[in-house]
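Visitor: The residues making up each chain are set out below.
There are 2 protein chains.
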Amino acid sequence: MAEQRSLTIADLGELDLIERLKPFCAPNAVGDDGALIAVDAGHRLVVTTDVLVDTVHFSDRTTPPFTVGWRAVAANLSDLAAMGAAPLGITVGLGLPPETPWAWVKSLYEGMAACLREYGGAIVGGDVCRAAQRTVSITALGQVWPEWAIRRDTAVPGMSVVVTGAHGGSRAGLAMLLGELEGCDTTAAAGWIRSHQQPVPRFDAIFELNQRMPLAGPRPAIAGMDSSDGLANALLQLSKSSGVGMDIMRSRIPLPAGLSAAVGRDLAINWALYGGEDFELVLCLPPDLATSFAAASGATILGKTTHTGIVQVLFWTADEKPTPMSIPLSHKSFQHF
Amino acid sequence: MAEQRSLTIADLGELDLIERLKPFCAPNAVGDDGALIAVDAGHRLVVTTDVLVDTVHFSDRTTPPFTVGWRAVAANLSDLAAMGAAPLGITVGLGLPPETPWAWVKSLYEGMAACLREYGGAIVGGDVCRAAQRTVSITALGQVWPEWAIRRDTAVPGMSVVVTGAHGGSRAGLAMLLGELEGCDTTAAAGWIRSHQQPVPRFDAIFELNQRMPLAGPRPAIAGMDSSDGLANALLQLSKSSGVGMDIMRSRIPLPAGLSAAVGRDLAINWALYGGEDFELVLCLPPDLATSFAAASGATILGKTTHTGIVQVLFWTADEKPTPMSIPLSHKSFQHF
Numbered sequence: 001m002a003e004q005r006s007l008t009i010a011d012l013g014e015l016d017l018i019e020r021l022k023p024f025c026a027p028n029a030v031g032d033d034g035a036l037i038a039v040d041a042g043h044r045l046v047v048t049t050d051v052l053v054d055t056v057h058f059s060d061r062t063t064p065p066f067t068v069g070w071r072a073v074a075a076n077l078s079d080l081a082a083m084g085a086a087p088l089g090i091t092v093g094l095g096l097p098p099e100t101p102w103a104w105v106k107s108l109y110e111g112m113a114a115c116l117r118e119y120g121g122a123i124v125g126g127d128v129c130r131a132a133q134r135t136v137s138i139t140a141l142g143q144v145w146p147e148w149a150i151r152r153d154t155a156v157p158g159m160s161v162v163v164t165g166a167h168g169g170s171r172a173g174l175a176m177l178l179g180e181l182e183g184c185d186t187t188a189a190a191g192w193i194r195s196h197q198q199p200v201p202r203f204d205a206i207f208e209l210n211q212r213m214p215l216a217g218p219r220p221a222i223a224g225m226d227s228s229d230g231l232a233n234a235l236l237q238l239s240k241s242s243g244v245g246m247d248i249m250r251s252r253i254p255l256p257a258g259l260s261a262a263v264g265r266d267l268a269i270n271w272a273l274y275g276g277e278d279f280e281l282v283l284c285l286p287p288d289l290a291t292s293f294a295a296a297s298g299a300t301i302l303g304k305t306t307h308t309g310i311v312q313v314l315f316w317t318a319d320e321k322p323t324p325m326s327i328p329l330s331h332k333s334f335q336h337f
Numbered sequence: 001m002a003e004q005r006s007l008t009i010a011d012l013g014e015l016d017l018i019e020r021l022k023p024f025c026a027p028n029a030v031g032d033d034g035a036l037i038a039v040d041a042g043h044r045l046v047v048t049t050d051v052l053v054d055t056v057h058f059s060d061r062t063t064p065p066f067t068v069g070w071r072a073v074a075a076n077l078s079d080l081a082a083m084g085a086a087p088l089g090i091t092v093g094l095g096l097p098p099e100t101p102w103a104w105v106k107s108l109y110e111g112m113a114a115c116l117r118e119y120g121g122a123i124v125g126g127d128v129c130r131a132a133q134r135t136v137s138i139t140a141l142g143q144v145w146p147e148w149a150i151r152r153d154t155a156v157p158g159m160s161v162v163v164t165g166a167h168g169g170s171r172a173g174l175a176m177l178l179g180e181l182e183g184c185d186t187t188a189a190a191g192w193i194r195s196h197q198q199p200v201p202r203f204d205a206i207f208e209l210n211q212r213m214p215l216a217g218p219r220p221a222i223a224g225m226d227s228s229d230g231l232a233n234a235l236l237q238l239s240k241s242s243g244v245g246m247d248i249m250r251s252r253i254p255l256p257a258g259l260s261a262a263v264g265r266d267l268a269i270n271w272a273l274y275g276g277e278d279f280e281l282v283l284c285l286p287p288d289l290a291t292s293f294a295a296a297s298g299a300t301i302l303g304k305t306t307h308t309g310i311v312q313v314l315f316w317t318a319d320e321k322p323t324p325m326s327i328p329l330s331h332k333s334f335q336h337f
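Taken in sequence, the protein lines are chains A and B.
The first sequence begins at 1 in my numbering and counts up one residue at a time.
The second sequence begins at 1 in my numbering and counts up one residue at a time.
The hints are simulated quantities; they were obtained by calculation from the structure and are not laboratory data.
Only a predicted model underlies this, so the values are computations on that prediction, with no experimental measurement involved.
Every residue gets a Cβ at the ideal spot worked out from N, C-alpha and C, and that includes glycine.
Treat the hints with care, as some may be off.
[Stated by the list, open to error] Within a straight-line C-alpha distance of at most 25 Å, the following computed DSS-like cross-link-like pairs (lysine-lysine) qualify:
no.: 1; chain 1: B; residue 1: Lys22; chain 2: B; residue 2: Lys240
no.: 2; chain 1: A; residue 1: Lys22; chain 2: B; residue 2: Lys106
no.: 3; chain 1: B; residue 1: Lys240; chain 2: B; residue 2: Lys304
no.: 4; chain 1: A; residue 1: Lys106; chain 2: B; residue 2: Lys22
[As the list claims (entries may be wrong)] Residues of chain B clear of chain A, computed beta-carbon distances all greater than 12 Å:
no.: 5; residue: Cys184
no.: 6; residue: Ser251
no.: 7; residue: Ala261
Between the sequences and the hints, there should be enough to build the whole structure, so can you do that?
Guide: The following block contains the structure:
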């Protein structure tokens, strides 16, 4: 008798698994960096959650525990910033093997506390339990006025596509830590490593943006998300959620200082698009707002949203040849299963 | 040269680990079933988090995945009920080995959804990632009017100590599932197993309690928590947090139907006090309120809070001999490290 093997989540893959879990979730729980929950007419709660696992998301080789803590908090706070929300607090669920050194746990919490002290919020709850692997599960809570919440599905044709900072630095920093890059300019390399180890949630950019919004009356529609899974992923997600096309000037993609010189422009652009974990914001804004926001915040206008009928991101090269981005997301972003 | 071995969390033990993590947390994050966060003057958010790990908190032997899901949600909702809060939603962080059957994950979510459908709230966010062990990390969010929040540190001498239901059933159900008990009354045993597998967060009791509160003006001070870590633990925690003593009538401890007959009264009482996971509420109420609440909800008045100068729980036996409970908590409740 043939053994009946049951369908595993490895058979499904991460994307299919998530699709199958969606029907169990509230409709507003999926599709943005965080979920919006109505507390009362004047407040929306934003909630986002991340599970980080030893050897999958971090390792002692590239990530000292202070850095694991900082990055875990920064990634969650970045999701709040991407929703336009201010942080309220986080909960921390820890799974730990009994032989974990106390010094590791202490340093992890010091990293979390340092990031919260810098950008707001506090540790408001937690749980510890025994586990085979070090596991850090963080849920971040934020709040936002309903009309100030930033979604992914609200871009329309004719908006400017804006990015708040350089991309590729986190990937370059990882390459440095893994010893894959040598003989680089040391000042530049230190910057990339900092991008990787101590990313910055861009609440400052949200502040600049809100400063430029009308004091009374309706706010102009905008859309946005963070670039935690790579710039290419953010552009595609925004296009897909909003049903718009995008024309992106490849030459305008902002790269960290020294990266093109060190690895060549093509690899630098590749890391900018697909490296991930730069935690910048990608925003679709009305052109006037985009111009004044970019001038004040140092953000870059990459291109514009279009009305092509099909959702695609066109990268215009210097010689004016459009290159539709056709690489399937699933082949480029990290898949857990 | 002697090898310098670093201090591990197994060396510290769970209670010391938690003490060392407290300074990193907001002051309102510890000491109650959930943390209270001010959203605005009229609302408090309640947040609570639990990490459940395969082989530590559940196993395929005693807990089918539907049950893992139900219990995980019920335990978190019970923390909300213990704070007097109504559920808003939960986030679910899953760590899974790639070979996990999809059927297991589906059934887990069906169990979570069934519990949420019954008692309120929805899955509002989540994350999945690869891990060596099945890990379910849940954060539950609730809300409560500031003056309706139930704390542990607000009991005063002269209150009645009330418990909302029978204790020991969950431990008895586990014993049945492990095959440790045989020849029991099958109806009774089915009830114990149900207590273990599908515990009920007692929002109904909170509703009954609030029905008896004054419509206007200040509410009488009350205190409370849930009995997830055992009835003895709840009594001791309330005493300790509030700085009161307690006189508890051992004979009044409510036991599930058939348990004394099956295992003898002493073991039944032992399981009621130390078994844990019954998820009832233990409340300290003004005597008049306690009487009307108990009559309406089927709760039991176990005894009263006292002004002994020392914090202790005295169990009065039938022959009127007081037995101070001197067993250290740490020897009786489950320690992860």
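Visitor: Each of the hints needs a verdict: does it hold here or not?
Guide: To see whether the hints hold, each was checked on the structure:
| no. | hint | in the structure |
| --- | --- | --- |
| 1 | B:Lys22 - B:Lys240 | holds (17 Å) |
| 2 | A:Lys22 - B:Lys106 | holds (11 Å) |
| 3 | B:Lys240 - B:Lys304 | holds (15 Å) |
| 4 | A:Lys106 - B:Lys22 | holds (11 Å) |
| 5 | Cys184 | holds (31 Å) |
| 6 | Ser251 | holds (35 Å) |
| 7 | Ala261 | holds (35 Å) |
In the structure shown, no violation is registered for any of the earlier numbered hints.
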